[in-house]
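Colleague: Quick mapping for you: the protein sequence lines, in order, are chains R and C.
So our numbering is basically just the index in the first sequence, starting at one, shifted up by 1.
So our numbering is basically just the index in the second sequence, starting at one, shifted up by 52.
Take the hints with a grain of salt, since some may be wrong.
Straight-line Cα separation of at most 20 angstroms, EDC-like style, residue types lysine to aspartate or glutamate; simulated pairs [unchecked claim]: (1) 13(R) <-> 394(C); (2) 151(C) <-> 278(C); (3) 13(R) <-> 378(C); (4) 105(C) <-> 74(R); (5) 13(R) <-> 30(R); (6) 430(C) <-> 306(C); (7) 151(C) <-> 110(C); (8) 454(C) <-> 285(C); (9) 430(C) <-> 336(C); (10) 151(C) <-> 285(C); (11) 151(C) <-> 126(C); (12) 13(R) <-> 365(C); (13) 325(C) <-> 110(C); (14) 325(C) <-> 295(C); (15) 454(C) <-> 489(C); (16) 454(C) <-> 30(R); (17) 454(C) <-> 412(C); (18) 454(C) <-> 50(R); (19) 454(C) <-> 36(R); (20) 105(C) <-> 72(C); (21) 430(C) <-> 333(C); (22) 430(C) <-> 50(R); (23) 325(C) <-> 278(C); (24) 13(R) <-> 333(C); (25) 454(C) <-> 310(C); (26) 13(R) <-> 23(R); (27) 151(C) <-> 112(C).
Since the hints were made in silico from the structure, they are not lab data.
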Amino acid sequence: MIEREQVLHVAKLARLRLTEDEVETMVGELSGILEHVDRISNLELEGVEPTSHVVALENVLRADVAWRSLPRDVALAQAPEPQDGAFRAPSPQAE
Amino acid sequence: MTDLLALTALEAHEAMVAGDLGAAEYSAAWREAAAADELNAYLWRDEGGEESKAIAVERDCIAPIAVKDIFCTEGVPTTAGSRILEGYRPPYTSTAVQKLVEAGAPVLGKTNMDEFAMGSSNENSAYGPVLNPWDRGRVPGGSSGGSAAVVAGGLAPWAIGTDTGGSIRQPAAFCGIVGLKPTYGAISRYGMIAFASSLDQCGPLTRTVSDAALLLGILQGRDPLDSTSVGLEGGVSLPDREDLSGLRFGVPAELGHDEYDSGVRAVFEQTLKRIEALGGEIAEVSLPSSEHGISAYYVIAPAEASSNLARYDGVRYGMRAGGDGDLIEMYETTRSQGFGPEVKRRIMLGTYALSSGYYEAYYGQAQKVRTRIAEDFKNAFGTVDFVVTPTAPSVAFELGEKSDDPLAMYLNDFFTVPMSLAGIPAISIPAGIAEPEGGGPQLPVGFQIAAPAFAEQRLLDAAYALEQGIGFDARPGGVDG
Chain R
2 MIEREQVLHV AKLARLRLTE DEVETMVGEL SGILEHVDRI SNLELEGVEP TSHVVALENV
62 LRADVAWRSL PRDVALAQAP EPQDGAFRAP SPQAE
Chain C
53 MTDLLALTAL EAHEAMVAGD LGAAEYSAAW REAAAADELN AYLWRDEGGE ESKAIAVERD
113 CIAPIAVKDI FCTEGVPTTA GSRILEGYRP PYTSTAVQKL VEAGAPVLGK TNMDEFAMGS
173 SNENSAYGPV LNPWDRGRVP GGSSGGSAAV VAGGLAPWAI GTDTGGSIRQ PAAFCGIVGL
233 KPTYGAISRY GMIAFASSLD QCGPLTRTVS DAALLLGILQ GRDPLDSTSV GLEGGVSLPD
293 REDLSGLRFG VPAELGHDEY DSGVRAVFEQ TLKRIEALGG EIAEVSLPSS EHGISAYYVI
353 APAEASSNLA RYDGVRYGMR AGGDGDLIEM YETTRSQGFG PEVKRRIMLG TYALSSGYYE
413 AYYGQAQKVR TRIAEDFKNA FGTVDFVVTP TAPSVAFELG EKSDDPLAMY LNDFFTVPMS
473 LAGIPAISIP AGIAEPEGGG PQLPVGFQIA APAFAEQRLL DAAYALEQGI GFDARPGGVD
533 G
C-alpha cells in the first residue's frame, strides 16, 4: 500500500526523523491502516457536499477592539531559549 | 470520612449549600483520597503549593474536580500526556477550568491520558498507562482514562475529559461510570490542547447522570475566545424524568452481531427490555454510512492532528533537542524525541492523507462520508428521539492486548466515532456487568444514547430515567459508595 520511499518522503514533510526500525514498522502499520481506510476512496459520492464543520455558523464577528494579551516576559517564559525579548532558534543554515 | 466520599457531587453540593457539610472538610477528604492514587491516574495533584495560586477558588462550594491534563491551567504543569510538553506551565487557563474555578470547584489534580488524546487504552501516555480500578491488569480505556479511573476508583468525585472519537464515552464504559460527549460547540475549546479541532469536545465523567447535568450546566456556554462555541440555550436543568413513555429509541439495523462480544450484547439487549419496561419504544433505524465511520475518522482526525501538532517545534515552549545543529535538524530532533509512536503514526497518516495526489481520494472523500453520516442521523431522528448502541465492542481489555495492532485499537471506536463525526451529543451510562470474552471477573458494560444536536436536556432526562431503572450499583473492589 505504501512504500518505504513514500514513508521517508512523508516523514520529511512532517519534520520527523525516523530510525531504520521506525521506518520499517511504519511501512507495515500504515499499509494496514490505509488498506482499511481505502474502502472510502472508491465510494460513489459525486455531488455530496464535504463537511468541514458540523455546526451551522457563519462569519462569527466581534468588535474590532484590542483584547487582553500576554505580556512579553510571560509569553517568553516557557521558551527553551529566550534571548533579548525574543525566541532564539538555531540558524536555518548550518554554520 | 468514608461517608463523605460516598456522596455524589450533587449530594455534596446540596449539603454544602444547606450548610450541612463543610466545604473545607469535604475537599480535604478528597485531597487525601487522591493522594492514595495507585492507578497512575494523576500526573499532578494540588498539594496547596504556590504553583496552583492562579487556579485557586475564592470560595469552594462545589465538589473538587479532576481535570484531564489536556486543559491548560496557569502555572500548573500541563503535558497532554506527552514528553514534548514535560515541564510546561501554561501562561493562561482554559475556559472550561476557569468556569469550574468561578463556580467554586477546586481542581484536585490533572489526570493521565493518551498522548495528545490519541488512543483508546491510555497505553500511549508518555508517563505510563493508567490501571483500571476494576482489574489492574486491564486498561481503563482512553484517551480520558485517568479521568475515568479516578472517578471509578474513588480518587475524585467527578472529572472532566475530552472526546474526539469516543475518548470520554469509552473509558466511562470501561470503568463503569457516566460519560457525556456534548454537542460540538456546547463547551468552549479555548485552552484545550488541540488534537482534531473539528471533533474535539470537552465533557463530564461522573458517577451519576445528575452529576453530569450539574457539571455540563457549569461548563456550557458561548465563549468569545472560541468562535466555534455556541453554548446550550436555556442552560441545563437537573434531570427528574421517571419513565420513558412516549419516547422512541432507535437501534441501528446495521448493528451486526460480529462487531461486539456476546457479554456486551447480552447487557445491551437486557437494557432494551428495560427501556420497554419503562414505557419507551424500541424501533429500528438505518445508519448505512456508519460502517465507514472508522475509515473517515482515521483520515480526518490524523489530518487535523498533523496540522495542529506542527506547533511543537522546540521554539516557543516545550522541549528542545538537537539545538546545536541547524534549524531543520533541531525541529526534527525535537519532534522525533518528543513524540511517542502513536502520535508519530497519526502525524504520518495525516500528512500522507493531505499530501498532493492523495488529498481527494482520502481527505476529500472522508469529508463527504462525514456529510452522509450526519444525514443518516438526521433521517433517523425524523422517526426516533434517540439512537442507542453499546458504547464499546468489548469490556475493558488487558494491558498490552492490542498495543501492537493499531488497527485493532482503532476498531474499538466503532460505536462512538459516528456521533463525533456528526457532532451530536451522546452519553454512556453503566448498564450492567459481563465476563470478558477470554473469561475472568465481570467488568462494566456501557450503553450509549445519542440525541440530535443541542438536545442535551432531553438526553440527560432520558438517561436519568434509564439509570434509575437499571439501578447499577456495582463498584470495583475496595471502593465505597
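Colleague: Does each hint fit the structure? Answer for all of them.
Modeller: Checked hints:
no. : hint              : verdict
1   : 13(R) <-> 394(C)  : holds, 17 angstroms
2   : 151(C) <-> 278(C) : holds, 14 angstroms
3   : 13(R) <-> 378(C)  : holds, 15 angstroms
4   : 105(C) <-> 74(R)  : holds, 19 angstroms
5   : 13(R) <-> 30(R)   : holds, 18 angstroms
6   : 430(C) <-> 306(C) : holds, 16 angstroms
7   : 151(C) <-> 110(C) : holds, 12 angstroms
8   : 454(C) <-> 285(C) : violated, 41 angstroms
9   : 430(C) <-> 336(C) : holds, 14 angstroms
10  : 151(C) <-> 285(C) : holds, 17 angstroms
11  : 151(C) <-> 126(C) : holds, 14 angstroms
12  : 13(R) <-> 365(C)  : holds, 14 angstroms
13  : 325(C) <-> 110(C) : violated, 47 angstroms
14  : 325(C) <-> 295(C) : holds, 13 angstroms
15  : 454(C) <-> 489(C) : holds, 14 angstroms
16  : 454(C) <-> 30(R)  : holds, 13 angstroms
17  : 454(C) <-> 412(C) : violated, 31 angstroms
18  : 454(C) <-> 50(R)  : violated, 36 angstroms
19  : 454(C) <-> 36(R)  : holds, 19 angstroms
20  : 105(C) <-> 72(C)  : violated, 28 angstroms
21  : 430(C) <-> 333(C) : holds, 19 angstroms
22  : 430(C) <-> 50(R)  : holds, 15 angstroms
23  : 325(C) <-> 278(C) : violated, 42 angstroms
24  : 13(R) <-> 333(C)  : violated, 55 angstroms
25  : 454(C) <-> 310(C) : holds, 18 angstroms
26  : 13(R) <-> 23(R)   : holds, 14 angstroms
27  : 151(C) <-> 112(C) : holds, 13 angstroms
Against the hints set out earlier in the document, violations occur for numbers 8, 13, 17, 18, 20, 23, 24.
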